[in-house]
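> Below, each chain spelled out in residue letters.
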Amino acid sequence: MKFILILWFSYFGSKIVSAQDKIHLEWQVQYLGQNVPLNELYATKTDTLTIKELKWYISKVSLIQDDQIVFSDPTIAHLLNIADPKSLEIELKSRKKISFNKLQFCIGIDSLTNVSGALGGDLDPTKGMYWTWQSGYINIKIEGESNSITNRDFQLHLGGYLPPFAAIQTIVLPITNASNDIKIGIELASWLGQISLIGPAHIMSPSKEAVSMSKEFAKQFFILK
Amino acid sequence: MIPNRKYIFCLAAIVLMAFTTVSKKLFSVPKHFPKPVYDFSKNLLNASSITLGRALFYDPILSRKNTISCASCHSPYAAFTHIDHHLSHGIDDRIGTRNSPALMNLAWQNSFMWDGAINHLDMQALAPISHPDEMGSKIDSVIIRLQRSTLYPTLFYKAYGDSTITGERTLKSIAQFILCIVSANAKYDRIIQGKEKFTAQEANGYRLFQKKCSSCHKEPLFTNYQFENNGLPIDPKLNDLGRMKISHCSSDSLKFKVPTLRNIEYSYPYMHDGRFKTLSEVLHHYTQGIVQSKTLSPLLQQGIILSSNEKVDLTAFLLTLSDKEFLFKAEYAYPKHIFFPQAKE
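Chains as they are written, first to last, in the numbering used here: chain A, 1 to 225; chain B, 1 to 345.
Among the hints, a few may not be true.
Claimed, not checked - Taking lysine-lysine and the DSSO-like style, the derived pairs with C-alpha atoms no more than 30 Å apart in a straight line are: (1) K208/A / K294/B; (2) K138/B / K127/A; (3) K65/B / K141/A; (4) K35/B / K324/B; (5) K138/B / K55/A; (6) K86/A / K65/B; (7) K42/B / K60/A; (8) K245/B / K215/A; (9) K245/B / K208/A; (10) K96/A / K60/A; (11) K208/A / K237/B; (12) K215/A / K60/A; (13) K294/B / K311/B; (14) K141/A / K245/B; (15) K218/B / K138/B; (16) K245/B / K55/A; (17) K294/B / K55/A.
Hints listed in this document are in silico derivations from the structure and should not be mistaken for laboratory results. Being a predicted model, the structure only gives us computed values, none of them experimental.
Given only the sequences and the hints, what does the whole structure look like? Please build it.
Here you go:
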């Protein structure tokens, strides 16, 4: 009986993907639970906010079943840009039938890719996510205005791959619902609230503050029901 | 119909072989040089992309106002450095904060700029293109200008088989051209290969060099590619801390990349800020001018002792590193035939 129960759990407790199945990932950026409109004034009780630009890299997407990686995305990295809704959707294609109960991905670009010279696709330096005066990708770029920040505007270019200021973050999210569509939410309110706490509202190079803000950003991801 | 796998494999092997034999001719490692560090397998050399890179290197189209090219600061006749400027001179006559280094043997170099800010040769061109005091543009605007030009879609087509212009292709082509800038035929090289002999004066200079200089300016590339503090007093106006800006380690304060001494006769002025105009000023620095500081190289803490005769001999040796052929090599020169195909030579 115990054995059957375990079987039952491992069958329904994880998502089974049939051969040549597609897994659809979609990112939704929110502020206090509502979708973030770009370039529009966004008012809350305590703050008014405008986001002018928000882009970030997702890399090494993989699906995990009980601590075993069962699928790895062959694309090195995806650039997600809220100005380009198509970029917020990623399709993973698996040849094999797989079941998984965790989604893992990194925010940012790893050190090996950072020292690999010129790359194409989403990693092409024309995407505006590469520092020019010093080699390295910008992992997360957000620019906007907020009332709660002195001088109103903020501009965070977070990245850096060299210790002690390596900024890449790994995230693991549990997947419990059995669906091909995974929606991932990002809640910006508390993260943006940290700007004035952690440091300057303008971060343009690898630094301690860039690492802290990247760590905090990574905490804002969750699976949307 | 799916073609036979074996057939595809053979075809791929032939194509690959064709490429490798071509790259061998386009770039060869001088016999007395170590293995290059640049990974050519990720950017296979091909004559048409080298040509494209050469055009880009000499074309002011990379700058915002179509006025400055890479060659403006890296002239072939000055071993690819900026003739007579101690700090580089860019767009709108703005002055930068550093002396433009001589460019050569870049395939052996693992980081670029005086402080190693650039980690890969492919990415180097982005820095001057975007720098407000240099070319004052942006790579995405450069791509648009290239797409609109009459020349470049054809050059990209020849190099890559289609005329799509991307940042990656642009950067890789520039890298291909500057990788080919190799200097290995100075008198020194011919002596190492047993084809010529030092004069007595040069031989004495060489002996002194090996004793006092070559641990940093290591043969045969005449640099160990490390960051060192060679005791220059800090310029309070520029307040340039060198490597520390990149590594964030205080132990790297005032360290700069050891530059090659090849073609030193042509690449004046000297040091990261071009503070010395002549080799005799440089030698005067090493014998009389070294400033003690926490990060000063242990090799220089006792100072370097050279008599005035020894200085003359050492200079005579340094002049054996001049590679005249390199300065006037047709393959590196301004590609008139690309920009003005009608014009007669």
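> Flag every earlier hint the structure violates by its number, smallest first.
6, 15 and 17
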